[in-house]
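Visitor: The lines below spell out each chain.
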Amino acid sequence: MSSGTITWAYAYTRELDLGFHSLATGIPYHGHGRRTARRMIGNEVESAIERCRGGDSDAFGAVVSAYHRMVRSWVAIRCPPDVDAEDIAHKAFIKSFEHIGEYQPGTNFAAWLLAIARNLLLAECKRVRSRQDSNRDYLAHALTLAQERALADEFDSEDEPMVEALRDCLTRLEPTDLDLVRQRYDGAHPIATLAADLGKTPGAVKKWLFTVRRKLQDCIGRKLGAAGMRS
Amino acid sequence: MMDRVDTLLSEWLDGELDAAGRQELAAMANADPAIAERLRRLYRQHRGLAAVFAQADEDTFTRRILADIAAPADTNQAEVNIPEAELIPAPLRTSRRLRPMPARRSSRAFAWFATAAALVAAVGGYLVLAERGGPVDDRRIADVSGTGAVWSAHGQALLERLPTKGGIVVDGDRVVTGTGASARVRYLDGTTIDLTADSTVLLTMADGKRVRLVSGGLRAEVSPQPRPMEFTSDHATATVLGTRLSLSTSADITKLSVDEGQVRFTRADGSSHMIVAGGSAEAKAPPPPPPPAAPAPPQVIEVENFTSILGLIGRATGPTKSAFIEGLPTTAPRDTAIAVPGVGTTISHRLDLTAGDWIAWVRWRDDTQKTKRVSFEIVIDGKIAATVRGAGTSATWKWSKAAFSSTGRSEIALRSTFAGVLAPASRKATPEHPYDVVNRFDRIVLTRDKAYVPPP
Numbered sequence: 001m002s003s004g005t006i007t008w009a010y011a012y013t014r015e016l017d018l019g020f021h022s023l024a025t026g027i028p029y030h031g032h033g034r035r036t037a038r039r040m041i042g043n044e045v046e047s048a049i050e051r052c053r054g055g056d057s058d059a060f061g062a063v064v065s066a067y068h069r070m071v072r073s074w075v076a077i078r079c080p081p082d083v084d085a086e087d088i089a090h091k092a093f094i095k096s097f098e099h100i101g102e103y104q105p106g107t108n109f110a111a112w113l114l115a116i117a118r119n120l121l122l123a124e125c126k127r128v129r130s131r132q133d134s135n136r137d138y139l140a141h142a143l144t145l146a147q148e149r150a151l152a153d154e155f156d157s158e159d160e161p162m163v164e165a166l167r168d169c170l171t172r173l174e175p176t177d178l179d180l181v182r183q184r185y186d187g188a189h190p191i192a193t194l195a196a197d198l199g200k201t202p203g204a205v206k207k208w209l210f211t212v213r214r215k216l217q218d219c220i221g222r223k224l225g226a227a228g229m230r231s
Numbered sequence: 001m002m003d004r005v006d007t008l009l010s011e012w013l014d015g016e017l018d019a020a021g022r023q024e025l026a027a028m029a030n031a032d033p034a035i036a037e038r039l040r041r042l043y044r045q046h047r048g049l050a051a052v053f054a055q056a057d058e059d060t061f062t063r064r065i066l067a068d069i070a071a072p073a074d075t076n077q078a079e080v081n082i083p084e085a086e087l088i089p090a091p092l093r094t095s096r097r098l099r100p101m102p103a104r105r106s107s108r109a110f111a112w113f114a115t116a117a118a119l120v121a122a123v124g125g126y127l128v129l130a131e132r133g134g135p136v137d138d139r140r141i142a143d144v145s146g147t148g149a150v151w152s153a154h155g156q157a158l159l160e161r162l163p164t165k166g167g168i169v170v171d172g173d174r175v176v177t178g179t180g181a182s183a184r185v186r187y188l189d190g191t192t193i194d195l196t197a198d199s200t201v202l203l204t205m206a207d208g209k210r211v212r213l214v215s216g217g218l219r220a221e222v223s224p225q226p227r228p229m230e231f232t233s234d235h236a237t238a239t240v241l242g243t244r245l246s247l248s249t250s251a252d253i254t255k256l257s258v259d260e261g262q263v264r265f266t267r268a269d270g271s272s273h274m275i276v277a278g279g280s281a282e283a284k285a286p287p288p289p290p291p292p293a294a295p296a297p298p299q300v301i302e303v304e305n306f307t308s309i310l311g312l313i314g315r316a317t318g319p320t321k322s323a324f325i326e327g328l329p330t331t332a333p334r335d336t337a338i339a340v341p342g343v344g345t346t347i348s349h350r351l352d353l354t355a356g357d358w359i360a361w362v363r364w365r366d367d368t369q370k371t372k373r374v375s376f377e378i379v380i381d382g383k384i385a386a387t388v389r390g391a392g393t394s395a396t397w398k399w400s401k402a403a404f405s406s407t408g409r410s411e412i413a414l415r416s417t418f419a420g421v422l423a424p425a426s427r428k429a430t431p432e433h434p435y436d437v438v439n440r441f442d443r444i445v446l447t448r449d450k451a452y453v454p455p456p
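Chains A and B supply the protein sequences, listed in that same order. Its first residue numbered 1, the first sequence is counted upward by one per residue in this note's numbering. Its first residue numbered 1, the second sequence is counted upward by one per residue in this note's numbering.
No false leads were mixed into what you were given.
Quick list of in silico lysine to aspartate or glutamate cross-link-like pairs, DMTMM-like style, CA-CA up to 20 Å: (1) A:Lys215 with B:Glu37; (2) A:Lys215 with B:Asp3; (3) A:Lys95 with B:Glu58; (4) B:Lys284 with B:Glu230; (5) A:Lys126 with B:Asp259; (6) A:Lys207 with A:Asp177; (7) A:Lys215 with B:Asp6; (8) A:Lys126 with B:Glu260; (9) A:Lys95 with B:Asp68; (10) A:Lys223 with B:Glu37; (11) A:Lys207 with B:Asp18; (12) A:Lys95 with A:Asp58; (13) A:Lys207 with B:Asp14; (14) A:Lys215 with B:Glu11; (15) A:Lys207 with B:Asp3; (16) A:Lys207 with B:Glu11; (17) A:Lys200 with B:Glu16; (18) B:Lys401 with B:Asp381; (19) A:Lys207 with B:Glu16; (20) A:Lys207 with A:Glu174; (21) A:Lys207 with B:Asp6; (22) A:Lys200 with B:Asp14; (23) A:Lys200 with B:Glu11; (24) A:Lys95 with A:Glu50; (25) A:Lys207 with A:Asp179; (26) A:Lys215 with B:Asp14.
Derived CB-CB ranges, DEER-like: (27) A:Gly55 with B:Ser280: 43 to 53 Å; (28) A:Pro105 with B:Arg264: 38 to 48 Å; (29) B:Arg227 with A:Ser47: 56 to 66 Å; (30) B:Ala268 with A:Ala192: 50 to 60 Å; (31) A:Arg222 with B:Met2: 20 to 30 Å; (32) A:Ser47 with B:Gly190: 49 to 59 Å; (33) A:Ser47 with B:Ala70: 19 to 29 Å.
Note that these hints are calculated values from the structure, not bench results. Please read these numbers as outputs of a predicted model, since none were measured by experiment. Ideal Cβ positions, reconstructed from N, Cα and C, are used throughout, including at glycine.
Let the hints inform the model, and build the full structure from the sequences given.
Guide: Below is the structure:
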């Protein structure tokens with residue numbers, strides 16, 4: 001098995017985990033000891049996959065642990081409106097376990113897993129699109145189709161640099177800005193509720209959110225642009 | 001500084017944009033690819049933020065998966081409606097590491113968005129600028145070309161009437177191609193219809209484009225439509241919003257082939273339909289209608305040897321009377337109709353009939369002696385449908401009829417009646433005529449056929 005693949009997956013997972021932690025503490029993560037950890041977790045995951053192939057379903061927990069952020073993030077930003085990204089990611093893991101016998105050790109497990117997620121997401125896009133009323137909500141319909149076509153055309157990366165960049169950009173926000181985004185997305189509060197909690201008018205909150213989103217957009221654009229990518 | 005686009009985008013992301021606002025945003029995205037790109041980027045960022053903040057923690061996520069693995073019956077896997085062979089990829093040997101995504105890919109995906117948004121926005125009341133800067137009417141044809149004879153509904157050559165862009169299809173415009181000829185109709189929205197040789201189509205406009213394939217075949221590339229476009233033939237209707245398809249028709253079959261997108265294919269009689277996606281389907285002419293059903297044979301009810309007897313006690317008393325009606329009281333008021341035990345004055349049948357108009361034919365004879373005052377009634381559902389006067393001594397079999405309307409179950413009753421006083425001669429009893437008044441019924445025929453004539 002290619003340890004490079006697995007160690008990369010670990011690095012991704014590990015970085016996001018710590019990045020998430022840094023959001024809570026406000027201390028940026030600098031990635032100390034990453035290489036050592038990669039090798040360690042890579043061997044563990046490889047071993048876990050082997051045990052799963054041998055019928056040990058409990059060992060799949062280690063596989064999920066290693067890849068869940070990669071899959072969930074990958075699916076999340078490719079999800080069209082009205083599709084539950086978490087559900088797709090969940091099913092992708094279930095399917096990969098059910099067919100773990102078809103996975104060949106030594107090939108790229110992460111790519112195989114993401115291909116399953118992609119196929120599931122494509123099927124869900126088609127299903128959802130067939131139910132959408134394009135005349136009633138064209139934006140949702142058009143985005144669903146755009147995401148679907150992008151999925152069909154652009155499956156050549158097994159990670160999600162945009163989310164990675166987003167996490168990094170979040171750490172650079174002012175604490176008040178970060179708190180606003182957290183409240184908006186963590187609790188999924190309507191603007192009116194958010195405004196009441198913050199003691200502001202809805203219009204002021206909308207403007208504030210817009211400003212923060214633009215900051216994030218600019219930050220992501222700079223990061224990906226520097227890497228020769230587009231957000 | 002937030003401009004109008006920023007406001008719409010933000011409100012949409014926060015779920016606060018109403019339908020009119022969404023239409024407006026769609027129109028803006030159509031008009032300006034930069035806005036479409038902003039929309040796409042903001043949407044991805046929005047989903048990314050949701051992923052960062054709203055995802056379940058790792059333990060919960062993992063625990064749910066392990067629980068589903070342990071109890072697969074509790075999973076939602078039944079919702080995955082694609083073959084496993086398409087779901088599970090072959091082993092991927094290469095490590096597909098991140099690489100820059102060429103910008104053209106996403107813009108290509110969004111190019112469709114821009115086109116379709118324009119069309120849908122038009123439905124929502126936002127006029128989309130066409131090539132000449134005017135509002136687009138999706139009935140407008142860009143051009144008609146080819147080698148076929150093209151005729152308008154009024155006989156004017158369509159090619160002459162539509163020399164420039166913007167002509168409007170009139171109901172009944174017709175495009176005809178002869179042997180070896182072909183023609184192309186191109187609408188302003190990019191929809192094209194290519195006719196094969198020996199084909200005829202009628203172009204009409206109802207709620208969207210309508211193309212009636214009278215004969216031959218066509219191939220169509222339909223741009224995303226604000227209203228479903230329909231292709232009809234004698235056998236079926238193909239309904240599309242945007243797709244590539246081929247359609248051909250002959251006397252007994254219409255064949256559909258879908259290269260891209262989905263088409264709703266409906267039989268001409270509406271009896272069935274199917275969604276065709278990336279495949280083909282055909283609708284055959286319905287089987288010839290069955291020959292007109294022969295009139296149902298009349299419903300015949302045999303009432304054999306039924307005898308309705310009206311016993312009579314008249315003015316005369318004594319042995320003559322008692323001789324012909326044994327056991328009857330002699331003190332009964334005169335001219336009293338009575339029912340003799342074992343027989344009766346009324347016979348009735350309850351029948352299940354098809355709801356509608358019916359005719360009841362009744363065969364009867366009257367053996368009453370020398371009186372014309374004897375009659376009987378055909379009573380249906382409690383109402384007298386006909387009264388038949390007796391012919392006294394005629395004593396021959398006759399048919400009488402009564403029309404009635406049944407609601408499904410009817411009661412047909414025959415009731416003997418008598419009015420007046422019998423002549424003394426009628427009281428003579430003989431072995432053949434033991435009673436004064438004898439109405440005999442032996443058949444009832446029920447029919448819906450007004451031309452029905454009962455047998456002699």
